[in-house]
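Using the sequences provided together with the hints, build the complete structure.
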Amino acid sequence: MRLYLHLFLAAILAQSCLGETVTRNQTHRLLHLDSRAIQNASFHTGNPTGNQSASLTSHNNFINFCISKHALGARLMNGTQSRNNYSCNSIPMGMIVAPEQMPSCKFKHPHNLSKLKANKQFNIILEIKKMVTGNFVNPNASYFAAPQRLSSETKEIIGHAHVVIQSIPSLKSTAVLDPRKFVFFKGIDNPVSKDGTSTVVVTRGLPAGTYRLGSILTAANHQPVLAGVAQRGLFDDVVYFVVE
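For what it's worth, this note's numbering labels the leading residue of the sequence shown as 1, then goes sequentially.
What the hints contain is simulated information worked out from the structure, not anything from laboratory work. C-beta: ideal position from N, C-alpha, C; glycine also. Keep in mind that the hints are not guaranteed to be accurate.
Below, in silico cross-link-like pairs of lysine to any residue (SDA-like), each with a Cα-Cα straight-line distance of 25 Å or less [said to hold, decoys possible]:
#, residue 1, residue 2
1, Lys115, Asp237
2, Lys172, Pro207
3, Lys129, Pro103
4, Lys108, Val201
5, Lys130, Leu226
6, Lys181, Gly79
7, Lys181, Gln81
8, Lys120, Tyr240
9, Lys130, Thr154
10, Lys155, Pro92
11, Lys181, Val242
12, Lys130, Val201
13, Lys129, Ala220
14, Lys115, Leu171
Distance windows between CB atoms, simulated [unchecked claim]:
#, residue 1, residue 2, range
15, Gln26, Ala230, 30 to 40 Å
16, Ser193, His70, 39 to 49 Å
17, Ser68, Pro147, 16 to 26 Å
18, Phe185, Thr80, 44 to 54 Å
19, Leu31, Gly209, 49 to 59 Å
20, Leu72, Phe185, 21 to 31 Å
21, Ser58, Lys115, 49 to 59 Å
22, Phe65, Ala118, 46 to 56 Å
23, Ala41, Glu100, 15 to 25 Å
24, Ser42, Met95, 11 to 21 Å
25, Gln26, Ser68, 40 to 50 Å
26, Thr80, Val183, 20 to 30 Å
27, His59, Ala118, 24 to 34 Å
28, Ser68, Val201, 44 to 54 Å
Given below as structure tokens:
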């Protein structure tokens, strides 16, 4: 009963801000959950069947999740990266792209099974479709600190891409790699060119070996891009190449 009374009072407060109607531009200042934002799918476990798991439940959109028992005492991220321990982020996921506007990308160079010369400069060329690129916030102060947003014009995700290279034992290796270990990483903070590609220069090249090159498409605040359907293709691309 107290919960519903609280929600009722919150709804009244949401309609009044010093006697004025709360507009969409004012909601970011409110310190309570507006009843219009409540998603009642979180009220229940999802009625799992078979091997499905029961969902966590909440009647307030999990607004206090990071101080609940489920957060395991984690510190708040508060715009910083978690380099030494686990943490909790209380920022909403944000806007979710429609299937027709889901992003995708492809490496134009190096292509799969390319052979490059050791210790020689080369370019990574990545073509990106259906994404408003070049939106790259400060990763040391605003990491995961705002929701994913969509362009008001194209309804595409506002964000950017990264490229990362990891060393692998061989092209036939089935070893699972440690994501903490990589030989090259670059966030792309510029918009794609007119042909839809971004170019990253690996100035010193790489020593002889076998490598995996992958893309990481993210929203502006560096969180992985989100889509509204579970069954879909990959947003990112991966190629394998050899340096001799």
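Outcome of the hint check:
{"no.": "1", "hint": "Lys115 - Asp237", "result": "holds, 18 Å"}
{"no.": "2", "hint": "Lys172 - Pro207", "result": "holds, 19 Å"}
{"no.": "3", "hint": "Lys129 - Pro103", "result": "holds, 6 Å"}
{"no.": "4", "hint": "Lys108 - Val201", "result": "holds, 14 Å"}
{"no.": "5", "hint": "Lys130 - Leu226", "result": "holds, 13 Å"}
{"no.": "6", "hint": "Lys181 - Gly79", "result": "holds, 23 Å"}
{"no.": "7", "hint": "Lys181 - Gln81", "result": "holds, 17 Å"}
{"no.": "8", "hint": "Lys120 - Tyr240", "result": "holds, 18 Å"}
{"no.": "9", "hint": "Lys130 - Thr154", "result": "holds, 9 Å"}
{"no.": "10", "hint": "Lys155 - Pro92", "result": "holds, 18 Å"}
{"no.": "11", "hint": "Lys181 - Val242", "result": "holds, 18 Å"}
{"no.": "12", "hint": "Lys130 - Val201", "result": "holds, 23 Å"}
{"no.": "13", "hint": "Lys129 - Ala220", "result": "holds, 16 Å"}
{"no.": "14", "hint": "Lys115 - Leu171", "result": "holds, 12 Å"}
{"no.": "15", "hint": "Gln26 - Ala230: 30 to 40 Å", "result": "holds, 34 Å"}
{"no.": "16", "hint": "Ser193 - His70: 39 to 49 Å", "result": "holds, 44 Å"}
{"no.": "17", "hint": "Ser68 - Pro147: 16 to 26 Å", "result": "holds, 20 Å"}
{"no.": "18", "hint": "Phe185 - Thr80: 44 to 54 Å", "result": "violated, 18 Å"}
{"no.": "19", "hint": "Leu31 - Gly209: 49 to 59 Å", "result": "holds, 53 Å"}
{"no.": "20", "hint": "Leu72 - Phe185: 21 to 31 Å", "result": "holds, 29 Å"}
{"no.": "21", "hint": "Ser58 - Lys115: 49 to 59 Å", "result": "holds, 53 Å"}
{"no.": "22", "hint": "Phe65 - Ala118: 46 to 56 Å", "result": "holds, 49 Å"}
{"no.": "23", "hint": "Ala41 - Glu100: 15 to 25 Å", "result": "holds, 23 Å"}
{"no.": "24", "hint": "Ser42 - Met95: 11 to 21 Å", "result": "holds, 18 Å"}
{"no.": "25", "hint": "Gln26 - Ser68: 40 to 50 Å", "result": "violated, 28 Å"}
{"no.": "26", "hint": "Thr80 - Val183: 20 to 30 Å", "result": "holds, 25 Å"}
{"no.": "27", "hint": "His59 - Ala118: 24 to 34 Å", "result": "violated, 60 Å"}
{"no.": "28", "hint": "Ser68 - Val201: 44 to 54 Å", "result": "holds, 46 Å"}
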